[in-house]
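S.K.: Once you've looked at the hints, dock chain B against the given chain A.
As you go down the protein sequences, you meet chains A and B in turn.
Under this note's numbering, the residue at position 9 of the first sequence is numbered 1079, and the numbers go up by one with no gaps.
Under this note's numbering, the residue at position 64 of the second sequence is numbered 1134, and the numbers go up by one with no gaps.
There could be a bad hint or two in this list.
[Unchecked claim] Simulated crosslink set (DSS-like; lysine-lysine; CA at most 30 Å straight-line): (1) B:Lys1082 - B:Lys1253; (2) A:Lys1165 - B:Lys1206; (3) B:Lys1253 - A:Lys1165; (4) A:Lys1082 - B:Lys1206.
FYI, nobody ran anything at the bench for these hints, they're computed from the structure.
Number of protein chains: 2
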Amino acid sequence: MALIFVTGNRHKVEEVSELAARHGIELEHRDTPYIEIQADELEQVVRPGVQQACALLRQTCFAEDAGLFIEVLHGFPGPYSNFVFRTLGNEGLLKLMTGENDRRAEFRSAVGYCEPSKRPEVFMGKVEGTIALKAKGTRGFAFDTIFVPSEGDGRTFAEMSTGEKNRLSHRARAIEAFFRWYKQK
Amino acid sequence: MALIFVTGNRHKVEEVSELAARHGIELEHRDTPYIEIQADELEQVVRPGVQQACALLRQTCFAEDAGLFIEVLHGFPGPYSNFVFRTLGNEGLLKLMTGENDRRAEFRSAVGYCEPSKRPEVFMGKVEGTIALKAKGTRGFAFDTIFVPSEGDGRTFAEMSTGEKNRLSHRARAIEAFFRWYKQK
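Isolated chain A, as found in the complex (with noise of 0.2 Å):
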């Protein structure tokens, strides 16, 4: 039986995809809409979102929420990323980092999973890296052109075909942690 993941993203159906299919595990797409509550961690937001739309579907599912936090903004945009992408794009983002030299900042995703009148587990996942000096590249989306893993060769997340980010990436990396952990179930 397909495993639902629940999202309106198209690049991270794309994302997971290609991890899924490494895994032998068979991936149906759905794009219900689930409430997101503010809070500053990702956990707080995904878990009750998945349950939401476990109970929507009345289907096991997954969903994933993902935020860029950097340091020496303690933390913005967080868990807010999509709203200040909407809003500020890239560009604020470079524009609020002028003559910083602190450009530490992570990638941070949480996968919540859920089944029906069960409670959600949640799984984690982050990589380290620095917001570049200008944007570059055009693949993945959001904030991939101002992002530059640490493990990486200094190329943004945007440079990179979805396999490389799939390598290194905070989403792979809880995708990764979740699908390990669901095969053994």
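M.R.: For chain B alone, coordinates are given in the frame of chain A:
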């Protein structure tokens, strides 16, 4: 019987108390935490929020949510003003506005009122203004030091007394609309 105002913000209690006194309404303050959802409009945040607070208290109550919407930043920080103030602060907003000629902004307030087992009522208030070139004043809270209301005399909200701010603030307007309706019920 006292009317319950649910908030964790003492500045809001101070402002609303002054307005309540003018209307002869006895106010009681509770800081019962309620969930705020992620939404672009304040009304969408306060409606389920006050409904939950009312269910938790099992008593009639009201709550208020406010945000600063900056025109050139496409409504940022909007409903996430609290988080943005805690992370970027006034300094961050001023940095984002560096070199911007269009400094128009709007403070908006949504008041939600709920009676047990009933649907909430929502009242809106707003005030137009501009983002100052630098922070001024020590009163009020959050972005009050950088917001200059258009109908004022050039001072920021943080340079005004509670009574002065209440003559033209978004919050006072939403609360006034609510109190007028409430007294006629």
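S.K.: Below or equal to 30 Å on CA atoms is what counts here, so check B:Lys1253 against A:Lys1165.
M.R.: Violated, at roughly 48 Å.
S.K.: B:Lys1082 and B:Lys1253: Cα distance at most 30 Å?
M.R.: It holds: about 21 Å lies between the C-alpha atoms, which stays within 30 Å.
S.K.: Against the 30 Å threshold, does the CA-CA distance of A:Lys1082 and B:Lys1206 hold or violate the hint?
M.R.: Roughly 44 Å separates the two Cα atoms, so the pair is violated.
S.K.: Taken at face value, is the distance from the CA of B:Lys1206 to the CA of A:Lys1165 at most 30 Å?
M.R.: Distance of about 23 Å is within 30 Å: holds.
Checked against the numbered hints above, the structure breaks hints 3, 4 and satisfies the rest.
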